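Residue numbers (the UniProt record's numbering), protein chains in the order written: chain A, 1 to 123; chain B, 1 to 96; chain C, 1 to 117.
Below, in silico cross-link-like pairs of lysine to aspartate or glutamate (EDC-like), each with a Cα-Cα straight-line distance of 20 Å or less:
id, chain 1, residue 1, chain 2, residue 2
1, C, K76, A, D77
2, C, K76, A, E79
3, A, K64, C, E66
4, C, K76, A, E71
5, C, K86, A, D77
These are calculated hints, taken from the structure and not from any lab test. Just so you know, these numbers come straight off a predicted model, no measurement behind them.
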Amino acid sequence: MTEPTPSDLLVILRHGPHGTNWLREGLDAALVAAAFGRRVSLLFMGEGVTALLRGQQAGPLGQKGTSATLEMLEMYDIETLLVEEAALERFGLTEADLMLPVRRLSAEAISRQPGAHRLVLTF
Amino acid sequence: MLLHILNRSPAASRVYQQALAAMGPEDRLLLIEDGVQGALPQLVRYFDGLQGRLFALREDLAARGLEGRCEASVQVVDVDGFVDLTEEAERTVSWY
Amino acid sequence: MATTAIARFVEVGGERVGLDPEGYLVDLGDWSPAVAVALAAEEGLSLTDEHWEVIDVLRAFYERFEMAPAMRPLVKAVGQALGPEKGRSIHLMRLFPGSPAKLGARLAGLPKPANCL
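Please construct the entire structure, taking both the sequences and the accompanying hints into account.
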């Protein structure tokens, strides 16, 4: 399969865990939509790919991370996880470094994603 | 055709790269707030390839003293023009 | 973890357990099966084995994912743990009438589910 199945909502995640609240906010938006029966795809761009790294922990002050939420996505039937291939390369990551199965997207494939979804939210 | 809206300056932020990466071949880009700096002749090169599809918001240019300093290929629109662009697009995507 | 002021108490074996305005435990560490029984009694429910196995699923979900499930993931989690016959919203509606995700979370000593009707 080369083309992702179109879904109702594309949530673009561009921030890593812990530094800001953007990642959590984006995941929350995705979960709300999924809880209401929408089909949701996530696209991890730029620094957002680091949200998928294995081995994340709580912050130094005990702040909860987001990796438990990422593992929960499957329970909300959010299974289309797209990642920007160039961003993986920029961070020196391979799929083996990631905690969940993903689909790597070329620059050209990414440029088709927003048009293929009924709603796009960027976080 | 989607309308992408960018509010960060290409001189200060890499967000513009994400906007460009996500744009389809017909999509338009509107520069607002600090994004309007990208309409300057010295900075517009970041948006090569968008000729005819690059817009900047007049009110934000004027507020920054940049109205009249734009590269001629950038189409300057006022708030009503912003609304028109929104209506012409299937939907909008914000980059911030 | 958000801290909430205690709005009222439920009496459990002579001890008073603090609840928030919506009836969820203020200190999740206060939970015990006896607390679940007392909270269920407030709702006019007496807990059967079928209730307890769902409460176990809810507590395991929270342990693993650090969040209380909305209805759809609760149905899915119950189905995975207890089989497809029980992983149906009608079964959960019968056990925990009204909003199974909310009532179930309350009795299981979890926070209120976010992302939930």
